[in-house]
Amino acid sequence: MLNAQNIEVSLGKTRVLQGIDLAAPPGKLVTVIGPNGSGKTTLMRALSGDISYSGRAELNGIDIARTRPWELAAMRGVLPQSSSLSFPFTVREIVQLGTREGVADTGRANVAEALERVDLSGFEGRMYQELSGGEQQRVQLARVLCQVWEPVLDGKARYLFLDEPVSSLDIRHQLQIMNVARDFALQGGGVLAILHDLNLTAMYADRVVLLKDGRVHAEGAPGAVLTDDNLRAVYECDLSVSRVPADGSVFVLPHGASV
Amino acid sequence: MAMSFTEAPAAARTYHRHDGDRSALARAVLAALVAVLVMTFFFSLASGASDTSAWQVFRETVGLGGGALDLTDRVIVFEIRLPRAVLGVLIGAALAVSGATMQGVFRNPLADPGLVGVSAGAGLGAVSFIVLQAGVLAPVASLFGIYGIPFAAFSGGLVSTLMLYRISTRHGRTSVATMLLAGIALGALAGAFTGVLVFWADDTQLRDLTFWGLGSLAGATWTKSLMAAPLILPVLIAMPFMARSLNALALGEASARHLGIDVQRFKNLAVISVAAATGASVAVSGGIGFVGIVVPHLLRLAIGPDHRFLLPASALLGAVLLLFADAIARQIVAPAELPIGIITAAAGAPFFLWILLRKRGLLDL
Ligand SMILES: Nc1ncnc2c1ncn2[C@@H]1O[C@H](COP(=O)(O)OP(=O)(O)OP(=O)(O)O)[C@@H](O)[C@H]1O
Ligand SMILES: [Mg+2]
Chain A
1 MLNAQNIEVS LGKTRVLQGI DLAAPPGKLV TVIGPNGSGK TTLMRALSGD ISYSGRAELN
61 GIDIARTRPW ELAAMRGVLP QSSSLSFPFT VREIVQLGTR EGVADTGRAN VAEALERVDL
121 SGFEGRMYQE LSGGEQQRVQ LARVLCQVWE PVLDGKARYL FLDEPVSSLD IRHQLQIMNV
181 ARDFALQGGG VLAILHDLNL TAMYADRVVL LKDGRVHAEG APGAVLTDDN LRAVYECDLS
241 VSRVPADGSV FVLPHGASV
Chain B
1001 MAMSFTEAPA AARTYHRHDG DRSALARAVL AALVAVLVMT FFFSLASGAS DTSAWQVFRE
1061 TVGLGGGALD LTDRVIVFEI RLPRAVLGVL IGAALAVSGA TMQGVFRNPL ADPGLVGVSA
1121 GAGLGAVSFI VLQAGVLAPV ASLFGIYGIP FAAFSGGLVS TLMLYRISTR HGRTSVATML
1181 LAGIALGALA GAFTGVLVFW ADDTQLRDLT FWGLGSLAGA TWTKSLMAAP LILPVLIAMP
1241 FMARSLNALA LGEASARHLG IDVQRFKNLA VISVAAATGA SVAVSGGIGF VGIVVPHLLR
1301 LAIGPDHRFL LPASALLGAV LLLFADAIAR QIVAPAELPI GIITAAAGAP FFLWILLRKR
1361 GLLDL
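Order-wise, the sequence lines are chains A and B. Once you know that position 194 of the first sequence is 194 in the working numbering, the rest is easy, because the numbers rise by one and skip nothing. One rule links them: number in the working numbering = place in the second sequence (from 1) + 1000.
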């Protein structure tokens, strides 16, 4: 269980997050949405133990602020919004960084299988820096998957923290990667994903946290959060939400929107 | 965001086209380097003004000589050349490993203790100690004995590494341009202070000081190996424990932390290691440049940047190259000899320029 209460973060002189409450239960896919600069990445960095915050954040009952990096690494993997690589590693070598023994019990983590899940079979021998942006993003996801290979370990859920995992992917790979995240949750793990795509959010999220200016504007099931009023207030954009006739899930088309 | 090399070396590309696993290649290269180092070592014992064959020396060393070497040769080989070769191995390994480690920590293939002023800082430490050991530093001198100079060099190197890191790194990102320029400034500053101290030096001190300029293995004794070993050996032994962290750091500091590395603690350890290895080398042999940049770079082209293999391979190749450079330094103007720093600079500087030409984009950060 990931549980955060009253998280506040100041970076430099600005208060970036204020009074954030968030819960991400095992088995659920929770997405965080909100405009640029609303504090999504900052929230994920706080929950990853990267920056100091006030308030209380616990992962499986353990205080995130007081836990050593290797203990956190055993419980959750983090896909950053952007990554850079300083030396020319091959794809296999990058993914293997997630499987190294000693980080955690990575169990049966397997480079070839991880690459298959992100649709990069056969890319083991390619140089990472020679891949396209979307391919690099998927290699990083394969590395993170290896780190928390078993969604549940010793009866405790492990977590995937994903900061815009599909931001540079084509439509097929967006769906494929969101399926990987959903499968992880279906097998008992927890997923916290930052997304910009409201339709993917509507399709995949079990719960949605909508941020505006460092505060939670709305929280709940996709159908309850993705409403005309909420979107208009948060994105300052005249969007209207519709429903799919078949199953009643929501979708948002930007065609008629005015900004 | 190309912080470094974006193209794969052609040779490596063909080798690992299929599975991207270069560990078998790396192991083979390591084994070959061990063999080459052993050969170079005995070759360097045998070469010089008094010619003996490497084979003879080898037999003598393992106790099969049967008196084939006469007494003069024995003295030359075991009292003069052996300590020099041992020192060469230690220094070569130390320089190459500190280069590789520093490049890993700064996440930048151009970071080298010699280039960015760390050696100059260590030199300042050593010179301060030599000049001031009779005066203000007398209590320290009596406390440390022969370890005084290496320890002073270590301290100087540590201070300059820390300053460099503070100046050139913000939010875990090192700016290449800032790092190189700050290194020039720090090196110049250390050089200026060193110059002032040299003015205060008396004649015997001056003789001690002259070799700092260019770097030399001349005058190698067992004592010097003893001075350097306590600072260098722990770094070489710590290597296997640094490899995983350095690999993770290639992904950036945040990702390394997410993989379970205590980044701040590791960086402290790494900076101390670099300062120790660089300081010890500078203390006994002056500033020998470019080994720390050339060796890891060549090895990355051959076996890739995995530090589990890169660090030991750097130690081995560094030792080989230094013994080789020392042999040239002794032969080229025999019976006199060149400071070895001239050889490494003459070979290393063009190599460095070649790296820059190939990677001109590197500085546009
Ligand atoms: N190091 C920093 N110092 C000061 N302010 C910062 C720092 N990092 C981020 N901020 C500010 O904090 C706010 C939230 O940034 P954050 O990166 O969390 O946004 P985000 O919601 O992830 O946006 P995006 O959708 O663009 O990724 C922004 O206004 C940003 O300018
Ligand atoms: Mg963000």
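I should point out that these hints are in silico values taken from the structure, not numbers from a laboratory. Treat the hints loosely; a few may be bogus.
[As the list claims (entries may be wrong)] Taking beta-carbon pairs under 7 Å as the criterion, some of the chain B residues facing chain A (in silico): (1) Asp-1019; (2) Asp-1021; (3) Ala-1024; (4) Arg-1027; (5) Ala-1028; (6) Ala-1031; (7) Asp-1073; (8) Ala-1248; (9) Ala-1250; (10) Ala-1254; (11) Gln-1264; (12) Ile-1272; (13) Pro-1305; (14) Arg-1308.
[Claimed, not checked] Anything over 10 Å on all C-beta distances counts as not near chain B; from chain A, calculated: (15) Glu-8; (16) Gly-27; (17) Lys-28; (18) Asp-50; (19) Leu-72; (20) Thr-90; (21) Glu-113; (22) His-173; (23) Lys-212.
Nothing here was measured: the structure is a model prediction, and the numbers come from that model. Using N, Cα and C, we set each Cβ at its ideal position, and we do this for glycine too.
Handout entry: Hint numbers contradicted by this structure
Key = 3, 4, 5, 6, 7, 11, 12, 14, 18, 19, 20
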